[in-house]
Amino acid sequence: MFDAFVQIVRKDLLGAFRQQSDILNPIWFFVIVVTLFPLGIGTDPALLARIAPGIIWVAALLAALLSFERLFKDDYIDGSLEQMMLAPHSLTWLVCAKVFTHWLLTGLPILFVSPLLAVFLSLEENTFWALFLTLLIGTPILSLLGAIGVALTIGLRKGGVLLSLIMLPLSIPILIFSTMAIDAASFGQPYLGLLALLGAMLVGAITLAPFAIAASLRVSVS
Amino acid sequence: MWKWLHPYAKAEKSYALSGKLMPWFLVIAIPTFFVGIIWGLAFAPADYQQGDSFRIIYIHVPAAMMAMGAYSTMAVAAFIGLVWQIRLAEMTVAATAPIGAVYTFIALFTGAAWGKPMWGAWWVWDARLTSELILLFVYLGIIALYNAFSDKILAGRAASILTLVGVINLPIIHFSVVWWNTLHQGATITKFDQPSMATEMLIPLLIMIVSFASFLGLMILYRFRNEILQRESHRPWVIALVKQSLKTNKRG
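So the protein sequences, as listed, match chains A and B.
212 is the number that the numbering used here gives to position 212 of the first sequence; each next residue is one higher, with no gaps.
121 is the number that the numbering used here gives to position 121 of the second sequence; each next residue is one higher, with no gaps.
The hints are simulated quantities; they were obtained by calculation from the structure and are not laboratory data.
Watch out, some of these pointers could steer you wrong.
Unchecked claim - Keeping only pairs whose Cα atoms sit at most 25 Å apart, straight-line, the calculated PhoX-like set for lysine-lysine is: (1) A:K158 / A:K73; (2) B:K152 / A:K158; (3) B:K247 / B:K13; (4) B:K10 / B:K20; (5) B:K3 / B:K20; (6) B:K152 / A:K73.
None of the values given here were measured: they were computed from a predicted structure.
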């Protein structure tokens, strides 16, 4: 069972590294969107530090939306998704591997570039760590929620806009709690409670979302 | 024990039953609406703090309750449809979503109209308002997803899954006034042991809630019947029904 998990992760990572633009483009998009804000709003460091959490999180959401296209699309087109459904392992488990790989390829790089953005938006160290932790806990939830949306819309010809209509409302609570935690950190208040709430959402999403994803795939590929 | 339910998994039976139930909902919805609205707007005493503008509660609260009630209906139907593979339950999900969206919109609109004199702003980013807005977005997402599929059986199933995913929003809306310190006032009537409302104000509100609820039931049944007719339009019983109604129309 773990073998199948590792196999899928390995195959997806290999595929991604052979086509590196697929990994890099959402990250570039993320960085470019964040740089647009200081140019559009003004470069006052106090103002930037104030709105930084919102900017970074909205940009992360949009970047995640862009990258979801890749999550099941290729497998759907070349038929390996059907093979996965026919495989002797439970689809729910295999889907976990897909989502995990997706997070490795999109969520993790966002964490790596976040120090750069903290410098751009003149965040203090304490605030930056809050941002980092919310991204660490929040991006896997985004991947899980997005996977449900992708699985529901994969068979449709114009799934892209629909995916954002489905996924963005569901991700609003994550956005709210993350930015609340970062705000609390920037005022020097404790923010562990909010992080714990995000963590609870993550645990809930990990337990329930794979079932929803598998059920949606069965609807879409039939 | 549940045997009497089985025939209603058949579209024809359900169509007939819902047709029989509809007049009852209508009979309850219309008188209660007029009694409740006239009592509430003209005869209930004015609030000692908010004056006459509190009277919008008679639209706002029932609409908001039914916005969530419609969603709960959809969630239960979606669960039944997915677990027991009953296609009619999935039709109920599709039939209820637009009505729920309209109720949500009414709740938001009347809330804004109430917020302007009370809080001095049409809109504030308060927890209850935001979560209600998310509910509207979720409704719209479900409707959009349902319409995107050309195969309506798949569409119903996909919409049901999305409905169940969106259930997470319901407790957030309900408890948002408890969990956060918000501008929006707390619950007035759901705590029955000691309602924080005078009885003369409460009774018309309860009447309005009954009226809105039966109107919701009426609209769900109406759209449910349409959904059945559209999906089963090639079946002999639907064709026979259409022919018969054409005949009576000609005579009339």
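Any hints this thing doesn't respect? Which numbers, in order?
none
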